[in-house]
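Asker: The hints should help you fit chain B onto chain A, whose structure is shown.
Quick mapping for you: the protein sequence lines, in order, are chains A and B.
Every number in the working numbering is 191 more than the matching position in the first sequence, counting from 1.
Every number in the working numbering is 6 more than the matching position in the second sequence, counting from 1.
Hints are not guaranteed to be accurate.
List time: in silico DSBU-like cross-link candidates among lysine-lysine, alpha-carbon distance up to 35 Å [claimed, not checked]: (1) B:Lys62 x B:Lys73; (2) B:Lys42 x A:Lys262; (3) B:Lys42 x A:Lys205.
Since the hints were made in silico from the structure, they are not lab data.
The residues making up each chain are set out below.
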Amino acid sequence: NAGVTQTPKFRVLKTGQSMTLLCAQDMNHEYMYWYRQDPGMGLRLIHYSVGEGTTAKGEVPDGYNVSRLKKQNFLLGLESAAPSQTSVYFCASSYAKGRTGELFFGEGSRLTVL
Amino acid sequence: GEDVEQSLFLSVREGDSSVINCTYTDSSSTYLYWYKQEPGAGLQLLTYIFSNMDMKQDQRLTVLLNKKDKHLSLRIADTQTGDSAIYFCAETPNRDDKIIFGKGTRLHILP
Numbered sequence: 192n193a194g195v196t197q198t199p200k201f202r203v204l205k206t207g208q209s210m211t212l213l214c215a216q217d218m219n220h221e222y223m224y225w226y227r228q229d230p231g232m233g234l235r236l237i238h239y240s241v242g243e244g245t246t247a248k249g250e251v252p253d254g255y256n257v258s259r260l261k262k263q264n265f266l267l268g269l270e271s272a273a274p275s276q277t278s279v280y281f282c283a284s285s286y287a288k289g290r291t292g293e294l295f296f297g298e299g300s301r302l303t304v305l
Numbered sequence: 007g008e009d010v011e012q013s014l015f016l017s018v019r020e021g022d023s024s025v026i027n028c029t030y031t032d033s034s035s036t037y038l039y040w041y042k043q044e045p046g047a048g049l050q051l052l053t054y055i056f057s058n059m060d061m062k063q064d065q066r067l068t069v070l071l072n073k074k075d076k077h078l079s080l081r082i083a084d085t086q087t088g089d090s091a092i093y094f095c096a097e098t099p100n101r102d103d104k105i106i107f108g109k110g111t112r113l114h115i116l117p
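In isolation and in its complexed conformation, chain A is listed as follows (with noise of 0.2 Å):
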């Protein structure tokens, strides 16, 4: 049983590129999130999404776009990647709210934007 799956776990940009990061979750979790983790900031929320075809800003969204074209898969784009977005990403799932809410994380990506 996998979890939630982020690729890639490293990736070095140089500013202006743009990658996407993947996160894919085999628990038919309807919930998924984007966070990243910066030092002394704890986790902040970039988007999420409660189900397939809709997505939601959160904390921290610009700069940042996001789509959940099924339900297993979360995508996170950064179209022009600037410095500021160095970060550890965490990809997270959830089964809906009515339940304990427990979220699921994978093993972070960690982005560094030269």
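Answerer: Only chain B this time, still in chain A's reference frame:
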């Protein structure tokens, strides 16, 4: 607004008890959580407490909830080196689809 606050660092001697504190703002939260993040890994749910409970115990872990003061604590008895990690407090406001995390408390174990 929504905010979960916790201290950033805690140092404890091996074998002692660790107490990590958290305050939250949304009294409508149904569940409150403690997540653990080990180095180089994602977060994992450690334990949670339903908002109508005052206390929950699970082996070495004790969670205390004071709804009046919106205060949550996690006590780890007989702290071991394997407990060294970042611990995140989190809440789920009823009106929201999101889980709100604190900034995390880094627990450092002294020999």
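Asker: The structure should be examined with respect to each hint, and the outcome stated for every one.
Answerer: Going through the hints against the structure:
no. : hint               : in the structure
1   : B:Lys62 x B:Lys73  : 14 Å, holds
2   : B:Lys42 x A:Lys262 : 27 Å, holds
3   : B:Lys42 x A:Lys205 : 33 Å, holds
Violated hints: none; the structure is consistent with every hint.
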